[in-house]
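Protein sequences appear in the order of chains A and B.
Anchor point for the first sequence: position 40 equals 40 in the numbering used here, and the numbering is continuous, going up by one each time.
Anchor point for the second sequence: position 7 equals 7 in the numbering used here, and the numbering is continuous, going up by one each time.
Don't take every hint at face value.
[Unchecked claim] Capping the alpha-carbon separation at 30 Å, the derived lysine-lysine pairs in DSS-like fashion look like this:
{"id": "1", "chain 1": "B", "residue 1": "LYS260", "chain 2": "B", "residue 2": "LYS478"}
{"id": "2", "chain 1": "B", "residue 1": "LYS96", "chain 2": "A", "residue 2": "LYS65"}
{"id": "3", "chain 1": "B", "residue 1": "LYS376", "chain 2": "A", "residue 2": "LYS35"}
{"id": "4", "chain 1": "B", "residue 1": "LYS337", "chain 2": "A", "residue 2": "LYS92"}
{"id": "5", "chain 1": "B", "residue 1": "LYS99", "chain 2": "A", "residue 2": "LYS96"}
[Claimed, not checked] Among the chain B residues that face chain A by a calculated CB cut under 7 Å, a handful are:
{"id": "6", "residue": "LYS277"}
{"id": "7", "residue": "ALA307"}
{"id": "8", "residue": "ARG323"}
{"id": "9", "residue": "ARG328"}
{"id": "10", "residue": "ALA336"}
{"id": "11", "residue": "MET360"}
{"id": "12", "residue": "LYS377"}
{"id": "13", "residue": "SER413"}
{"id": "14", "residue": "GLN416"}
{"id": "15", "residue": "LEU419"}
[Claimed, not checked] So the derived label-pair ranges between C-beta atoms look like this:
{"id": "16", "chain 1": "B", "residue 1": "ASN2", "chain 2": "A", "residue 2": "GLU72", "range": "47 to 55 Å"}
{"id": "17", "chain 1": "A", "residue 1": "PRO57", "chain 2": "B", "residue 2": "SER298", "range": "23 to 31 Å"}
{"id": "18", "chain 1": "A", "residue 1": "GLY77", "chain 2": "B", "residue 2": "ASP340", "range": "47 to 55 Å"}
{"id": "19", "chain 1": "A", "residue 1": "GLU72", "chain 2": "B", "residue 2": "LYS353", "range": "43 to 51 Å"}
{"id": "20", "chain 1": "B", "residue 1": "ASP145", "chain 2": "A", "residue 2": "ASN59", "range": "40 to 48 Å"}
{"id": "21", "chain 1": "A", "residue 1": "GLY77", "chain 2": "B", "residue 2": "LYS4", "range": "32 to 40 Å"}
{"id": "22", "chain 1": "A", "residue 1": "ALA31", "chain 2": "B", "residue 2": "GLU10", "range": "33 to 41 Å"}
{"id": "23", "chain 1": "A", "residue 1": "GLU29", "chain 2": "B", "residue 2": "GLU87", "range": "26 to 34 Å"}
{"id": "24", "chain 1": "A", "residue 1": "ASP49", "chain 2": "B", "residue 2": "PRO296", "range": "22 to 30 Å"}
Hints are computed from structural coordinates only; laboratory data are not their basis.
Glycine included, every Cβ here is placed at the ideal spot set by N, Cα and C.
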Amino acid sequence: MYNNVMVNLTREDVHRLAMLSKITIAEDEIAQMQKDLDSVLAYVEKLQDVDTSNLEPTNQVTGLKNIMRNDEVIDYGMSQEVLLSNVPEVEKNYIKTKRVL
Amino acid sequence: MNSKWLPINEIAEKVNNGSLSATDMVDQALKTIEQNTEYNAIIVTTADRARERALQIDKLIKSGTNAGMLAGVPFIAKDNFLVFGAETTAASNILKGFKAPYQATVIEKLEAAGAICVAKANLDAFGHGGSTENSDFGPTLNPHDKHKVPGGSSGGSAAAVVLDMVPFALGTDTGGSSRQPASFSGCVGYKPTYGLMSRSGIIAMASSTDTVGVLGRDVTDVAYVTECISGKDPLDSTTIESDPAGYMIDKPLKDLKGIKIGLVSEYMTDGVDPDVKNKIEETAKQLTALGAEVIPVSIPSLSLALAVYYILVPAEISSNLSRYDGQRFGYSDPNAKDLDESYTNSRTRGFGKEAKRRIMIGTHVLSSGYYEAYYKKAQLVRTKIINEVHKTFQSVDYLIGPAAPTTAFELGSSTQDPLQMYLADIMTVGASLTGIPAIVIPAGTVSGMPVGLQIMSPQKSDKSLLEVAQLAQKEINK
């Protein structure tokens, strides 16, 4: 299935990716975005021909495993007030969002 | 480079013995920042807090207390480090107004050692770029030629060091973001072994390659700062133990006898500016004169590194940037009708073009039906690159090459073509994907513009890398 994954993105693809990314791309910017994404996808296409049999994927490079700590409360000296000071809308110490439905 | 600053250890020593004051050091830094505003290297100063801390340090010393190994040393942090005393924006509109509720671990470590942050440096928003043009605060200009870029994304930090604002600056390096601007602007830029310095409190770009970067005038200073900020951090579970021998260069090398250095053929192809190539070959000869054996080595899979990088990194970016949703911090559309519209409008207006491009590429390569072909394939090729690099280090001790295929390019020349901009990272992403340390030192100029020599070494061999780089810089400067 690695062969020919490269298909040029359609306008619909760009719309779909924007929707999944929770970003709006204006109608008059779609064509440029399509071109930009296509050029990057065309460049990375060369990986498809690389022989990677008998290799494991790399997720991380430190070799560290399961870094655990005790399940206890640590005081980082941060007040609720400071932590909430960057929140756009606060009500009674809750983060307020717009309605969901 | 000529500098009005003493070596960092001497500044700290003199501040500690009272012959210099921390207040004077901070004033000198702020004055130089003020004199160079035209370069737009700085987003904001932390002047009030810096002066306050300087007073405290001076008072502490008057009372007979040692204020630390960096007492009174001013520095500048890239604006993706959480720092008190000013907003932290990552040069992005979406974070305008954001005030750090805590500080990055490395900032805490520097402050504990007596260093003083005086300003936040400009960058490509969120670290996305190789020229610092992609900043929502406008581009930074190259200190050697105002029509050229300083490199990026830590272009503000590199320019700040070269403009002599401070003795050292912090950057970050995900695919070359400290090394390439060091090369373009003409200073030292060091990316440690992945995990050596905590990323807690640094705005994440691509977590599997993000590192702190240290920029300075010379390797001695950079090693001195490294000593202070390395090591395990309970707040960043990806950190590793630092070298028990430390990183300060106590006994500088006198020669490179018995050392084998590989000049990477993949970084010396026809695509590289011939003048840059000549410079690198000249420096290779200087290393030979010091007693090193320099031989050409080929690491074929390095030519695939950029393609791997531009799959894995956008994937990680799309994940890391999903936290910018307009609810807990950052820009939020006040008029959105419902939660979904609030997410979408806040992100659409808050993010710049490049962040959007990378989020969408990342979303594409991670989406079902494409994941195996793009993301997983890139992870497999990453393994291939790591294996080849490790194998090469069985026959040579260090690798060298340029840090970029050209010297600094003209402002505006690559901004319309994202792929062209990505190519600026082609010689730096290899070390990022493999997690090995790499350092760029100035290697002279071509038509007045700096060229950098990149030196790489095996994982966790940072100390010896710094020692070799120090001697190399001394020899090149002769």
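message = Hint by hint, where does the structure go against what was stated? Just the numbers, ascending.
response = 2, 6, 8, 13, 14, 18 and 22
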